[in-house]
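Student: Sequence:
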Amino acid sequence: MKLYTAAIPLLAFCATAACDTVNLRVSRDATVSFNGILCQNDTVPCSSIPRGLDSSVIAFKGNRDYSRILVSFDLPTNKPSQCVLRIPPATSAGGYQLTVARTDDVWEEATVSGYTKRLDGTIVGSVNSTDSSAPGSLDVSSVCDGSASRRLSFFVDTDRAMVTFNSLQSGSPDIFTLDYTF
1 MKLYTAAIPL LAFCATAACD TVNLRVSRDA TVSFNGILCQ NDTVPCSSIP RGLDSSVIAF
61 KGNRDYSRIL VSFDLPTNKP SQCVLRIPPA TSAGGYQLTV ARTDDVWEEA TVSGYTKRLD
121 GTIVGSVNST DSSAPGSLDV SSVCDGSASR RLSFFVDTDR AMVTFNSLQS GSPDIFTLDY
181 TF
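The sequence shown: position 166 = 166 (the numbering used here), numbered continuously.
Some hints here could point you the wrong way.
[What the hints assert, rightly or not] Simulated restraints on C-beta separations:
#  : residue 1 : residue 2 : range
1  : S133      : K79       : 30 to 40 Å
2  : T116      : Q169      : 28 to 38 Å
3  : R64       : V22       : 24 to 34 Å
4  : C19       : R64       : 38 to 48 Å
5  : C19       : V44       : 17 to 27 Å
6  : S137      : P45       : 18 to 28 Å
7  : N35       : V106      : 15 to 25 Å
8  : C19       : C39       : 17 to 27 Å
9  : S172      : D120      : 24 to 34 Å
10 : N41       : R150      : 36 to 46 Å
It should be emphasised that the hints constitute simulated quantities derived from the structure, not laboratory data.
Note that beta-carbon positions come from the ideal geometry of N, C-alpha and C, so glycine has one too.
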């Protein structure tokens, strides 16, 4: 009932005025590790290594360590009436559940790591997929407006061991996108 009620204003608005939707490609993405594991011949904490320029992004949940996907979109100046996060097909096998949280926009793709980015945010919702090849979507309209920087960033978490997606650097068209309706 709540979903139906929330959809009526958008439908009424679009019926009286022309609505445009643009599909925004992710402008920055990264895997951010939060753990105590050592990498590079056991000399450097893995969570201190930036992974923003890798060809894939990974959400991982282990016993003592985890990684989150961090994505950001550059928003148009138009006030949105609806925003829908589009989840691309996963490059890893099997179903999954993803939880999406709005986080701050203060990070850079080439330098973000578990040392430079705090794991915080407001949970927006979750999406389930029983097949990794099927894309998903999540209405994120509640957090789409109001960013002074005109950027919108999300942490993406998983409930399973590992889910992998193409990153912006992969060159694949199958990356995170945002449908921005105004």
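Student: Take the hints in turn and mark each one as holding or not.
Tutor: Hint by hint, here is what the structure shows:
1. S133 - K79: 30 to 40 Å: 35 Å, holds
2. T116 - Q169: 28 to 38 Å: 19 Å, violated
3. R64 - V22: 24 to 34 Å: 41 Å, violated
4. C19 - R64: 38 to 48 Å: The hinted range 38 to 48 Å holds for C19 and R64, with Cβ atoms some 47 Å apart.
5. C19 - V44: 17 to 27 Å: 49 Å, violated
6. S137 - P45: 18 to 28 Å: Since the Cβ atoms of S137 and P45 sit about 35 Å apart, the hinted range of 18 to 28 Å is violated.
7. N35 - V106: 15 to 25 Å: 22 Å, holds
8. C19 - C39: 17 to 27 Å: 47 Å, violated
9. S172 - D120: 24 to 34 Å: 29 Å, holds
10. N41 - R150: 36 to 46 Å: Hint holds: Cβ distance 42 Å, inside 36 to 46 Å.
Checked against the numbered hints above, the structure breaks hints 2, 3, 5, 6 and 8 and satisfies the rest.
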